[in-house]
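**Q** So the protein sequences, as listed, match chains H and X. Counting from 379, one number per residue, gives the positions in the first sequence under this note's numbering. Counting from 32, one number per residue, gives the positions in the second sequence under this note's numbering.
Be aware that one or more of the hints could be misleading.
Some chain X residues flagged as far from chain H (calculated, every beta-carbon gap over 10 Å) [stated by the list, open to error]:
hint: 1; residue: 46
hint: 2; residue: 69
hint: 3; residue: 136
hint: 4; residue: 260
hint: 5; residue: 262
In silico PhoX-like links for lysine-lysine, alpha-carbon gap of 20 Å or less [as the list claims (entries may be wrong)]:
hint: 6; chain 1: H; residue 1: 605; chain 2: H; residue 2: 495
hint: 7; chain 1: X; residue 1: 56; chain 2: H; residue 2: 495
hint: 8; chain 1: X; residue 1: 68; chain 2: H; residue 2: 484
hint: 9; chain 1: X; residue 1: 200; chain 2: H; residue 2: 441
hint: 10; chain 1: H; residue 1: 441; chain 2: X; residue 2: 56
No lab work stands behind these hints: they were computed from the structure. Using N, Cα and C, we set each Cβ at its ideal position, and we do this for glycine too.
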Amino acid sequence: MADFETPELDDIPTIPTVKPGTMEHSAPYVAKPVIQAPLGFPGELVDDWETVAVAKLGELSNKYRALRVYLDSCVKCGACTDKCHYYLGTSDPKNMPVARQDLLRKVYRRYYTLAGKWFPKLVGATDMTKEVLDDWYSYYHQCSQCRRCSVFCPYGIDTAEISMAAREIMDAVGKGQKYCNEIIGKVFKIGNNLGLPEPALRDTLEDLEEEVEEECGVPVKFPLDVKGADVLLVTPSADFFAEPHIDGLIGYGKVFHQAGISWTVSSHASEAANFGMFIGSYENMRRVSMRIREAALDLGVKRIVFGECGHAWRVAYSFLNTLAGPFDFLDPNYPVPQHICEVTHDLIQKGVLKFDKSQNDHMVLTYHDSCNVARASRMGSKPGGQFTIPREILKAVCNNYVDMAQDSIHDATYCCGGGGGLLTDDLMELRVRGAKPRMEAVKQVVDAHGVTNMAAICAICKSQFTKVFPYYGYGMDMIVSLHQLVSNAIIMDGAQDGAGDAQETAEDAPQNA
Amino acid sequence: MALTGIYAFLFYFAFVVLVGGVGYKIVQYARTPAPLKIPTTPAPTTRSGVVLRMGREVVLFESLFRSNKWIWIFGWLFHAGLFIVLARHLRYFTEPVWWWVDLIQPFGKYGAFAMIIGLVGLWARRLLVDRVRYITAPSDHLMLLLLTAIGVSGALMTFVNHTDIIAVKAFFLGIMGFEFGSMQPLPGDLLLLLHLGMVALLMLIFPFSKLLHAPGVFFSPSRNQVDNPRAEPGLRAHDSRHVAPWAVELETDRKA
Numbered sequence: 379m380a381d382f383e384t385p386e387l388d389d390i391p392t393i394p395t396v397k398p399g400t401m402e403h404s405a406p407y408v409a410k411p412v413i414q415a416p417l418g419f420p421g422e423l424v425d426d427w428e429t430v431a432v433a434k435l436g437e438l439s440n441k442y443r444a445l446r447v448y449l450d451s452c453v454k455c456g457a458c459t460d461k462c463h464y465y466l467g468t469s470d471p472k473n474m475p476v477a478r479q480d481l482l483r484k485v486y487r488r489y490y491t492l493a494g495k496w497f498p499k500l501v502g503a504t505d506m507t508k509e510v511l512d513d514w515y516s517y518y519h520q521c522s523q524c525r526r527c528s529v530f531c532p533y534g535i536d537t538a539e540i541s542m543a544a545r546e547i548m549d550a551v552g553k554g555q556k557y558c559n560e561i562i563g564k565v566f567k568i569g570n571n572l573g574l575p576e577p578a579l580r581d582t583l584e585d586l587e588e589e590v591e592e593e594c595g596v597p598v599k600f601p602l603d604v605k606g607a608d609v610l611l612v613t614p615s616a617d618f619f620a621e622p623h624i625d626g627l628i629g630y631g632k633v634f635h636q637a638g639i640s641w642t643v644s645s646h647a648s649e650a651a652n653f654g655m656f657i658g659s660y661e662n663m664r665r666v667s668m669r670i671r672e673a674a675l676d677l678g679v680k681r682i683v684f685g686e687c688g689h690a691w692r693v694a695y696s697f698l699n700t701l702a703g704p705f706d707f708l709d710p711n712y713p714v715p716q717h718i719c720e721v722t723h724d725l726i727q728k729g730v731l732k733f734d735k736s737q738n739d740h741m742v743l744t745y746h747d748s749c750n751v752a753r754a755s756r757m758g759s760k761p762g763g764q765f766t767i768p769r770e771i772l773k774a775v776c777n778n779y780v781d782m783a784q785d786s787i788h789d790a791t792y793c794c795g796g797g798g799g800l801l802t803d804d805l806m807e808l809r810v811r812g813a814k815p816r817m818e819a820v821k822q823v824v825d826a827h828g829v830t831n832m833a834a835i836c837a838i839c840k841s842q843f844t845k846v847f848p849y850y851g852y853g854m855d856m857i858v859s860l861h862q863l864v865s866n867a868i869i870m871d872g873a874q875d876g877a878g879d880a881q882e883t884a885e886d887a888p889q890n891a
Numbered sequence: 032m033a034l035t036g037i038y039a040f041l042f043y044f045a046f047v048v049l050v051g052g053v054g055y056k057i058v059q060y061a062r063t064p065a066p067l068k069i070p071t072t073p074a075p076t077t078r079s080g081v082v083l084r085m086g087r088e089v090v091l092f093e094s095l096f097r098s099n100k101w102i103w104i105f106g107w108l109f110h111a112g113l114f115i116v117l118a119r120h121l122r123y124f125t126e127p128v129w130w131w132v133d134l135i136q137p138f139g140k141y142g143a144f145a146m147i148i149g150l151v152g153l154w155a156r157r158l159l160v161d162r163v164r165y166i167t168a169p170s171d172h173l174m175l176l177l178l179t180a181i182g183v184s185g186a187l188m189t190f191v192n193h194t195d196i197i198a199v200k201a202f203f204l205g206i207m208g209f210e211f212g213s214m215q216p217l218p219g220d221l222l223l224l225l226h227l228g229m230v231a232l233l234m235l236i237f238p239f240s241k242l243l244h245a246p247g248v249f250f251s252p253s254r255n256q257v258d259n260p261r262a263e264p265g266l267r268a269h270d271s272r273h274v275a276p277w278a279v280e281l282e283t284d285r286k287a
């Protein structure tokens, strides 16, 4: 892999001038036939792939209204040109949302519009060629499908929809992305992205029980495949072993334990993330979702709760009822599914959970709105609940909280740079450069308010920041899970020292604090 | 008289292409399924909330206002000017003239300036801002040229070189009433012929160009969908799901 320089952070965020081709070399590893097969895609570039690709584009624009309307409606006004974190971090003009869309649009124009058929040069239409395919492969894997552009477009044109279509077309002609497709295969075979089989998962959870009981003196359970539990917890598999994700999982366990809610994890559906969305494949997304339905039916649960994961929550909140519903066999008093933050927030409102906020006094916190929670989902019953609920939890469990600049939070939040199927080492340069706008906002609050840690509720954000913070001179443990803070502050009945879990927080104190 | 016949035919043809073409696209958009709920959130949770959101987008360009103040100023100025100019032009197609069309005449005359200033501003951005220059195709310049020329030729007829608008109105009322036997002659005034020719050209390219953003905005799922995809308490029946017709075929493996 080529060496690259970490961008310098600007004190005042600036819009770079265009430098064509700076990220042309960036592309993820291509999926081998053995990875493509379980998903129903050809293993390598098919004969006459140009025709197949053009036909697939036609098929998709007949199946997805968003795609067709977005391909027709763009007026090239330029409103989106400075909105993508990848453009801001790389200066490559093909990372401007409109230019990224145009890579697909110019082929659509050529084959599916009169203007493009008769006057291709005039309207910027081109034939489907190997060059175009290579551009698609590079640049549609430089989009994290974060939807920031769709907020700022006067027509709501969403590059995520275009990226998904392009990736589906590439899969259909046999040019799949290794990282995403391998992971989907693991979910079909084993049940989660990491390929943790049931015995390994059981061992991990048992070890965790011992560890937590040792630390706080309360027998918090982390149950697996328990029939008749009230709640099926579906959480990203990173929560079972990665840092700081696992601290969040401990937090969920403590919340359920303290509230007396019986719950379980399922080995059949031990993954919240749904990479079917990243590759735009409705059918693969549906197959992954169906596992959750099957687990809920097998275990006879009453509720489904999702852990901290951004794109997972989008698929859960927005698509699960469509893909795997109806859920009329669950308790009708709760929405299906629920987010763990909604559960914790409700319990705080009802006075069931009590906190010792001083347990988080060694940190000054800020909150990173994860892109797909912010712009593609909701929590609670009111628009914008996805912004207020996590912040209300944070303010209930810590004393020191500041928000980052207004133009970098809520629905204007910057993506971490690793979402949408890009969280792979072969795209490290892109991930570091794409994190630049977020890093600039972090630097501001670090310098002005002494912020020591940033909380997030997405497994990808947590993994991505753990990796990229050091590139910008911050500690990798600067990123924390929201439920890790809940875990630190929650007052557990029967705890050893009667004041939460001071031992654990002492150990967890970030080195850069 | 040949000129009158050519222009009459041109406008019949342009009208059919415009209405037929845009109608075809609207039907196509309406019939293409939207298989998943994808509103850009925070989004309204009710139908009436969505109507309000869309209203703010269409009238005030709310999202564009958040994005870029310069594009918003010029874009809004152009569209507002165009709207008032079009409304003013209704006087050439109605007899008697509606009261509110009479009312806006004094303002409508100056709408042309708003239009032209807006267009020139947008054009300047295309030339001066490197990001916008990068994404501009030749057709984007030609579209601006066409609209600016229509605006300028119209303004010249209003303020400098008046044309016989009574005769123009008689011509249009004639073709609107299909009075082929007694077709009123169109004045042979060069500015007028240019203006009308370019308007007809604009009508002809509308359904084949980016001008489709006009109907398109109403069909944008990220803006026009209600944020209610989840099975909320009390909404568990099958009819609360959003399943596209083509997606139903995939559901053969469903158990409970």
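**Q** Hints first: check each against the structure and report whether it holds.
**A** The hints, checked one at a time:
Chain H leaves residue 46(X) outside its interface by the beta-carbon criterion, the shortest separation being 18 Å against a cut-off of 10 Å. At roughly 6 Å, the least C-beta separation between residue 69(X) and chain H is not larger than 10 Å, which violates its mark as non-interface. Residue-level check passed: residue 136(X) sits 30 Å from the nearest beta carbon of chain H, beyond 10 Å. Listed as a non-interface residue, residue 260(X) fails to keep its Cβ farther than 10 Å from every Cβ of chain H; the least gap is roughly 5 Å.
Consistency note on residue 262(X): stated as away from chain H, yet its beta-carbon is not over 10 Å from all of that chain's, at 4 Å minimum. Restraint check: the Cα-Cα separation between residue 605(H) and residue 495(H) comes to about 60 Å, which exceeds 20 Å; the hinted pair is violated. A threshold of 20 Å between alpha carbons decides the hint, and for residue 56(X) with residue 495(H) the separation of about 17 Å falls inside it, so the pair holds. For the hint pairing residue 68(X) with residue 484(H), the CA-to-CA distance comes to about 27 Å; that exceeds 20 Å, so the pair is violated.
The straight-line distance between the Cα atoms of residue 200(X) and residue 441(H) is roughly 46 Å, outside the 20 Å bound, and the hint therefore fails. Using a Cα cut-off of 20 Å, the hinted pair residue 441(H) and residue 56(X) holds, with the two alpha carbons roughly 15 Å apart.
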